[in-house]
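Respectively, the protein sequence lines represent chains A and B. Take the first sequence: its letters are residues 1 to 586, numbered as in our numbering. Take the second sequence: its letters are residues 1001 to 1586, numbered as in our numbering.
I should point out that these hints are in silico values taken from the structure, not numbers from a laboratory. Small disclaimer: the values here were computed from a predicted structure and weren't measured. Just to be clear, a hint being listed does not mean it is correct.
From chain B, some residues computed to sit far from chain A (all C-beta separations above 10 Å) [to be verified]:
1. Ser1028
2. Phe1290
3. Ser1399
Covered by chain B, according to a simulated footprint, are these stretches of chain A (three or more residues, beta-carbon under 8 Å) [said to hold, decoys possible]:
4. 89 to 99
5. 105 to 117
6. 169 to 179
7. 190 to 204
8. 281 to 291
9. 382 to 390
10. 567 to 576
All residues carry an ideal CB built from backbone N, CA and C; glycine is no exception.
Number of protein chains: 2
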Amino acid sequence: MFYTHTCGELNIKNAGQKVTLCGWVQRSRDLGGMTFIDLRDRYGIAQLVFNMEADKALCEKARSLGREYVISASGIVMERSNKNKNLPTGEIEIQVEKLEVLNPSKTPPFTIEDHSDGGDDLRLKYRYLDLRRTINKNNLIMRHQVARAVREYLDGQKFIDIETPFLIKSTPEGARDFVVPSRMNPGQFYALPQSPQTFKQLLMVAGFDRYYQLVRCFRDEDLRADRQPEFTQIDCEMAFVEQEDVLQMFEGMVKHVFRKVKNTELPVFPVMKYEDAMRLYGCDKPDLRFGMPIIELNDIIKGKSFKVFDDAEMIGGICVSGASEYTRKQLDDLTDFVKRPQVGAAGMVYIRHLPDGSFKSSVDKFYNAADLEKICTHTGAAEGSLLLILAGNKNKTRSALSALRLEMGARLGLRKKEDYKPLWITDFPLLEYNEEDKRYYAMHHPFTSPRPEDIPLLQENRDLSKIKASAYDLVINGTEIGGGSIRIHNRRLQESMFRAIGLSKEEAEQKFAFILNAFEYGAPPHGGIAFGFDRFCSMMIANEDYIREFIAFPKNNAGRDMMLDAPSEITAEQLRELSLETKREK
Amino acid sequence: MFYTHTCGELNIKNAGQKVTLCGWVQRSRDLGGMTFIDLRDRYGIAQLVFNMEADKALCEKARSLGREYVISASGIVMERSNKNKNLPTGEIEIQVEKLEVLNPSKTPPFTIEDHSDGGDDLRLKYRYLDLRRTINKNNLIMRHQVARAVREYLDGQKFIDIETPFLIKSTPEGARDFVVPSRMNPGQFYALPQSPQTFKQLLMVAGFDRYYQLVRCFRDEDLRADRQPEFTQIDCEMAFVEQEDVLQMFEGMVKHVFRKVKNTELPVFPVMKYEDAMRLYGCDKPDLRFGMPIIELNDIIKGKSFKVFDDAEMIGGICVSGASEYTRKQLDDLTDFVKRPQVGAAGMVYIRHLPDGSFKSSVDKFYNAADLEKICTHTGAAEGSLLLILAGNKNKTRSALSALRLEMGARLGLRKKEDYKPLWITDFPLLEYNEEDKRYYAMHHPFTSPRPEDIPLLQENRDLSKIKASAYDLVINGTEIGGGSIRIHNRRLQESMFRAIGLSKEEAEQKFAFILNAFEYGAPPHGGIAFGFDRFCSMMIANEDYIREFIAFPKNNAGRDMMLDAPSEITAEQLRELSLETKREK
């Protein structure tokens, strides 16, 4: 080893010891006859001190070091006269006797500080420098801790980590596959897995009743902000289980991880049906750190000649306590917010229930004090409350109210950073009808089982929209962390499912013969779940949904690796060997 | 849960308990009024018993079950009258009161027994059934245990598990890359990593001084027996270390894994230089479970008018104790063995030093008793020994002697299954000259550092064949388990290396700009190692080198997934989106 200690571990107890440290020059200061250098490694920062009087040559050598030089320094640990209580090593410094430059450094293109001055693409190009910043370093260390805690829990529950293949068969259903041309079989391709879904089911058929894997998945989707073409999943499956067993097992896992990594005890996870989530929060991943549920107002608010309401399929409101004194400007701001294309409301109506018991609204022309009081009583809008109301098409209004609710939660500081409110969403629809393609799609994926009571509908291919799935999502603070289902384990039922999503018998056979066959050789009942590991880390560590910060070498929003400059052209020889031609000119 | 207990956990202490088990019907026997079913799950086998007198309908239902049916059975745990001491559950049986068929099964295409009657491709096609066989199931469970022990050790040594990308840039050097066409960038491709080599080095530059990953790697090589196009590596890297530090750290890891998984204490790993391994064992991965080193005989055996020896660049022999009484047939067999094309010797000479002190050889015409005695004394071939001698070109003779030595070790039962003899091979040549391509190739890879004393040779681009590398392989029982090196961390030296292997400045820049640049921003000295995880498991668990048995869903020797039928054609739509044309007709 080049070192005896790391830069983070020395303290007053080491005083008098002779040590050798290695690391990077974080900064240096010359104070008269003294030079101080902050030496940084993964574990912390130690202060090196050089004295002009004691050793002029050495001190001058120290003064010649630039930022990010890699050095080795040997010397004696001394108690500092000027202690820094904010630093674990702040009580000591190293009086250096020997200094070696292991590698010099050019001046970095941006500062290696918590708040860097580098732009996104520049920092991605020099990701190895960006990762030296404490915040990024800690993100990856925490990610490792999350992975450890996940494995610890699942290993303890007798799950077996089994690796599944990456070079598989293309069976696109929903997202696009990335494909890999086969040199040995001209004209044929492997595909990279969008998830190991069918493999984990086959492992259940093979009898490995509890499987998990932290596994890379690939989706060639049109990119948008913070989507990565490759991402990591905590992928799990269990045999001989019902939905409740899966929920309990993975509630346990998430609690274990929070306990181990954040020293946080999570509450019991409530279970909410999809229908209730849509009705109460306007979306299937509600942030439960605050209340403010949607109140449906159709029955109470129509019939007062206010055309906007009378014509609306749905009128809904949220009641914001303590906000009755919102100013005109604040209310205009909110109106602008709901009219944004991403939110999509046509306008907003408010009713202020003032502390003195009176009412003011933006629709006083149509509703008198008694009407307003009735509405406030219905919604529980006590004195001091502000009622915000949107109207229109049902789905759009729910979605807009959901956005408004989140905005109000944020404005009022109700979405607290260290507060975690997980919940399960269950009873999703099995199928979604797509108006454009005139066909049904599986809402989760085509291996999801209907709820037992709805199996006949699928078998008989009727009332498809009404079928509920044995599917569940785990949501924390408004972010979907994971999702899964009880699977179909019967060939006939699987064939019904393929039929429902418009796959012909031939297509089903061509794509999925292996799993249809497997179901005929003693497939046990089974179910599972997959967590988006990058997103899980992002939520757990920072309580935010910005996954790129938790990936060592992410791609930019155009799917490009700025550091490697990939994708890139390959040689004519490579193309020839693969029997491929590219058609770039088109 | 569908079950209260697993099939492996019940014993006499559970007698009288009411339990529910789930599993597969392994076999059933009708004995007069009784029916016995062996029910199998991942954890073991439990005996179910049905009594015709007690419940005729139930017993008949039991008799209707076929092999591999999935069932659930509830009943009372009873002490057996006829105990089976070979089975953990052999003291009890379950008197079944309720039986449910969870899924029937067609008759499997081969028997689910330790010795199956299915051929290779058939078992791969139905891999989910093949994996039900105890031996395959146990292989995957052991693989999981090996992975756990590896992680446990490395986590304890402060290594951080960091995931590196799979969609990277094609920089073929040696083996071929698998490539992935980019839909968003027509004509451009990602490549799948052959190893995360450059990424782990960049992580060292980033300051993560100890990294590891169990990571999939991809090589599009011409396939041969037991090569997989995708394989898993235990990939590790450390900063601020010298070769000795790496050897110690990973000797510790391998010992830890053997201790945890096999309850075996390995001896200290000896270190052997490449040159010595080649001289003594004729190869760079000697099996040290037995001696029988190669003895060079040039000085002692030439000059007796035996042309074959006199003309040979090298004459070498191995001395086989206790084999002097080998029969003519046995010796002919060995001669046939060494003449096989894979071994490649022209012939074999033997000298038998008989128990009575006399000598017999196949070259008695040229060597008298005194000559033979001299040779035997020189080689230490005591009475009762057999000396086997090959001659010819030096490299070929060494290689043939190595094969002969392994063959003799096997014939004499010296390669014992539960005996593990690890060693490090060090001081490999840095470069190998390829006569065909008229250029040097890196023997490990182009990021390997020369031994410090040989750096000037590389810088000055001279005596390239003489340069030794700071590289090391871990060998156990004749199989290379892992290999690594101290890396170059200086841009100029890296450029010298690229020059030595015939990469122009432009090519080096085009392929490796990112790492050359990284070396200019404070790259620390670093080194690492990678273990072939599939091979490691194969060696550890079975002490054999047949990796396919330790992979859940392997491909066959033609790189084809027989179960999925991959690779396969993709749709015209997929090709169009990727701006690709295939040239199958050529």
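Do at least three Cβ atoms from the segment 281 to 291 of chain A come closer than 8 Å to Cβ atoms of chain B? n = 0 at 8 Å, threshold three: violated.
For the segment 89 to 99 of chain A, do three or more residues have a beta carbon lying closer than 8 Å to a beta carbon of chain B? violated (count 0)
Taking 8 Å as the Cβ threshold, is the statement that the segment 105 to 117 of chain A is covered by chain B upheld or broken by the three-residue rule? Coverage by chain B holds here, the residue count being 3 at a Cβ distance below 8 Å.
Assertion that serine 1399 (chain B) lies farther than 10 Å from chain A (Cβ): 29 Å, holds
Proximity test - 8 Å, beta-carbon atoms, the segment 567 to 576 of chain A to chain B, at least three hits: holds (count 5)
Taking a Cβ-to-Cβ distance below 8 Å as contact, does the segment 190 to 204 of chain A have at least three residues touching chain B? The restraint on the segment 190 to 204 of chain A holds, since 6 of its residues have a Cβ under 8 Å from chain B and three suffice.
Given coverage of the segment 382 to 390 of chain A by chain B, checked by CB-CB distance under 8 Å (3 or more): violated (count 0)
Verdict on chain B covering the segment 169 to 179 of chain A, where coverage means 3 or more residues with a C-beta closer than 8 Å: holds (count 7)
Would you say serine 1028 (chain B) is clear of chain A, with no C-beta pair closer than or equal to 10 Å? 14 Å, holds
Closest CB-CB distance from phenylalanine 1290 (chain B) to chain A, is it above 10 Å? 35 Å, holds
Of the numbered hints given earlier, the model fails hints 4, 8, 9; all others are met.
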